[in-house]
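Asks: Given next are the chains, with one letter for each unit.
Number of protein chains: 2
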Amino acid sequence: MLLKIENVGQYLRDAGIKPSIQRLKIFEILAKSYEHPTVENIYTQLSPEIPTLSKTTVYNTLKLFQKHGLVMVINIEDNETRYDADTSFHGHFKCNVCGKVSDFNIPNTQPLIESLKGSLITESHYYLKGICAKCRLRTDN
Amino acid sequence: MLLKIENVGQYLRDAGIKPSIQRLKIFEILAKSYEHPTVENIYTQLSPEIPTLSKTTVYNTLKLFQKHGLVMVINIEDNETRYDADTSFHGHFKCNVCGKVSDFNIPNTQPLIESLKGSLITESHYYLKGICAKCRLRTDN
DNA sequence: TTTCAGATTTGTAATGATTGCAAATTTATA
DNA sequence: TATAAATTTGCAATCATTACAAATCTGAAA
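Line by line, the protein sequences are chains A and B.
Taking our numbering, I'd label the letters of the first sequence as residues 1239 to 1379.
Taking our numbering, I'd label the letters of the second sequence as residues 1239 to 1379.
No lab work stands behind these hints, which were simulated from the structure alone.
A hint or two may mislead.
Just a sample of chain A residues kept apart from chain B, beta carbon distances all over 10 Å, derived [as the list claims (entries may be wrong)]:
id	residue
1	Leu1262
2	Glu1287
3	Thr1290
4	Lys1293
5	Gly1307
6	Thr1325
7	Pro1345
Here are the simulated lysine to aspartate or glutamate pairs, DMTMM-like style, with alpha carbons at most 20 Å apart [as the list claims (entries may be wrong)]:
id	chain 1	residue 1	chain 2	residue 2
8	A	Lys1367	B	Asp1316
9	A	Lys1367	B	Glu1352
10	A	Lys1305	B	Glu1315
11	B	Lys1305	B	Glu1361
12	A	Lys1270	A	Asp1316
13	A	Lys1372	A	Asp1341
14	B	Lys1270	B	Asp1324
15	B	Lys1270	B	Glu1244
16	A	Lys1301	B	Glu1318
17	A	Lys1293	B	Asp1316
18	B	Lys1242	B	Asp1341
19	B	Lys1367	A	Glu1273
20	B	Lys1270	B	Glu1287
21	B	Lys1301	A	Glu1315
22	A	Lys1355	B	Asp1341
23	B	Lys1367	A	Glu1315
24	A	Lys1338	B	Asp1316
25	B	Lys1355	A	Asp1341
26	A	Lys1301	A	Asp1324
27	B	Lys1338	A	Glu1352
28	B	Lys1338	A	Asp1316
29	A	Lys1338	B	Glu1361
30	A	Lys1338	A	Glu1273
31	B	Lys1301	A	Asp1316
32	B	Lys1338	A	Glu1361
Ideal placement from N, C-alpha and C gives every residue a C-beta, glycine not left out.
Given only the sequences and the hints, what does the whole structure look like? Please build it.
Replies: The following block contains the structure:
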């Protein structure tokens, strides 16, 4: 989801990350779009602007962001890892036709799970799959 | 989650799958355990019993089960695909210490998401990560 | 029972995402 | 300006998964 951050450099510094050009640009892509880009997406988008960019840097940087709690990992497909700069609890919906992943808010708070009493929960993920309204109109589903 | 199925062969046939020995055994592992095994797990467990078993067969068979709606795929880690023969809506909790994935029931029904109106939902996934009660006692978390 | 066609399984090679690692580059500091 | 530390890069290695063709099995027809 689109994150409104005035100063990305400061945002990274506050999280304990030195804002290099690569880190700034990668984070901006994550924060300033409704996409949930893959490593490949990020690399392709940034390559023209930073021709020396290495895919390894994208991987390293995302790992770093993750370690500092700035991104969450979205594992909907087993062959496609996506990243989201919005780490607040929200759902993801993936359309199997157009392939887009969109966010949705989850109205009520999470239920307390009896069988998990005593556990420490550090991450919550909720996602749905199906066919989005737009694709349903275009196809016959 | 443990599935109580009297006749696995019939269960497969009813789903339109001819029950070969490999298919039967693979499905039994999925249904008759609380684990959520990976391809590697299944292959390792079955190899002694079916020495000629190929890992490709495990992959193919799980794809087939999936196509016929007999298993759901669990993507919690991006490098670890797990399978569950219980396809009813329920949650998964992964402990980051011991690595176990357990099931939990989700009490209330799913909320209707306003922004997904018009979409067709075919799959729902809900999972949590953290540290299970047992591991919290053993460690200092 | 034998034969044959189709289904299933198998082994190996290919693919593709991710990681390891060491060299090159950049940045900050003295 | 010199130097050390941090960061980036490129390439090789790893690992899960898939593609594919050969081998095997199964079940029906003769």
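Asks: Now tell me if each hint is right for this structure.
Replies: Hints and how they fare:
With a least beta-carbon separation of about 25 Å from chain B, Leu1262/A lies farther than 10 Å from that chain, consistent with its non-interface assignment. Here Glu1287/A stays apart from chain B, with its beta-carbon at least about 27 Å from theirs, past the 10 Å limit. Non-interface call for Thr1290/A relative to chain B: holds, since the shortest CB-CB distance, roughly 27 Å, exceeds 10 Å. The claim that Lys1293/A lies off the interface holds: its Cβ sits roughly 16 Å from the closest Cβ of chain B, which is beyond the 10 Å cut-off.
For Gly1307/A, the shortest C-beta to C-beta distance to chain B comes to about 14 Å, beyond the 10 Å cut-off, and the non-interface label holds. For Thr1325/A, the requirement that its beta carbon stay farther than 10 Å from each beta carbon of chain B is met, with the minimum near 13 Å. Here Pro1345/A does not stay apart from chain B, with its beta-carbon only about 5 Å from theirs, under the 10 Å limit. A hinted pair counts as satisfied when its Cα atoms are at most 20 Å apart, and Lys1367/A with Asp1316/B qualifies at roughly 17 Å.
Between Lys1367/A and Glu1352/B, the direct Cα distance comes to roughly 15 Å. Compliance with the 20 Å bound is thereby established for this hinted pair. A distance of roughly 15 Å separates the Cα atoms of Lys1305/A and Glu1315/B; the hinted pair therefore holds under the 20 Å criterion. For the hint linking Lys1305/B to Glu1361/B, the alpha-carbon distance of about 13 Å falls within 20 Å, and the restraint holds. Note on Lys1270/A and Asp1316/A: the hinted pairing is violated, with a Cα-Cα distance of about 25 Å set against a maximum of 20 Å.
Taken as a hint, the Lys1372/A and Asp1341/A pair is honoured in the structure, with Cα atoms around 15 Å apart against an allowance of 20 Å. Restraint check for Lys1270/B and Asp1324/B: the C-alpha separation of about 10 Å stays at or below 20 Å, so the hint holds. Proximity of Lys1270/B to Glu1244/B is assessed by CA-CA distance (about 11 Å); at most 20 Å being required, the pair is judged to hold. Proposed proximity of Lys1301/A and Glu1318/B is supported: the alpha carbons are some 17 Å apart, at most 20 Å.
For the hint linking Lys1293/A to Asp1316/B, the alpha-carbon distance of about 18 Å falls within 20 Å, and the restraint holds. Distance restraint check for Lys1242/B and Asp1341/B: the Cα-Cα separation of roughly 16 Å lies within the 20 Å cut-off, and the hinted pair is therefore satisfied. With a C-alpha separation of about 24 Å, the suggested pairing of Lys1367/B with Glu1273/A is violated against the 20 Å cut-off. Restraint check for Lys1270/B and Glu1287/B: satisfied, since their Cα atoms lie roughly 16 Å apart, inside the 20 Å limit.
For a cut-off of 20 Å, the pair hint linking Lys1301/B to Glu1315/A stands: about 14 Å separates their Cα positions. Straight-line distance between C-alpha atoms of Lys1355/A and Asp1341/B comes to about 13 Å, which keeps the hinted pair within the 20 Å bound. Our distance criterion of 20 Å between C-alpha atoms is met by Lys1367/B and Glu1315/A, whose separation comes to about 18 Å. Of the pairs offered as hints, the one joining Lys1338/A and Asp1316/B holds, with about 19 Å between alpha carbons and a cut-off of 20 Å not exceeded.
Taking the CA atoms of Lys1355/B and Asp1341/A, the gap is about 13 Å. The hint holds against a cut of 20 Å. At most 20 Å may separate the alpha-carbon atoms for a hinted pair to count; Lys1301/A and Asp1324/A meet this at roughly 16 Å. Between Lys1338/B and Glu1352/A, the direct Cα distance comes to roughly 18 Å. Compliance with the 20 Å bound is thereby established for this hinted pair. Proximity of Lys1338/B to Asp1316/A is assessed by CA-CA distance (about 19 Å); at most 20 Å being required, the pair is judged to hold.
Restraint check for Lys1338/A and Glu1361/B: the C-alpha separation of about 15 Å stays at or below 20 Å, so the hint holds. Only pairs whose Cα atoms come within 20 Å are accepted, and Lys1338/A paired with Glu1273/A is accepted, the gap being roughly 8 Å. Restraint check for Lys1301/B and Asp1316/A: the C-alpha separation of about 13 Å stays at or below 20 Å, so the hint holds. Our distance criterion of 20 Å between C-alpha atoms is met by Lys1338/B and Glu1361/A, whose separation comes to about 15 Å.
Hints 7, 12, 19, counting from the list given before, are not met by this structure.
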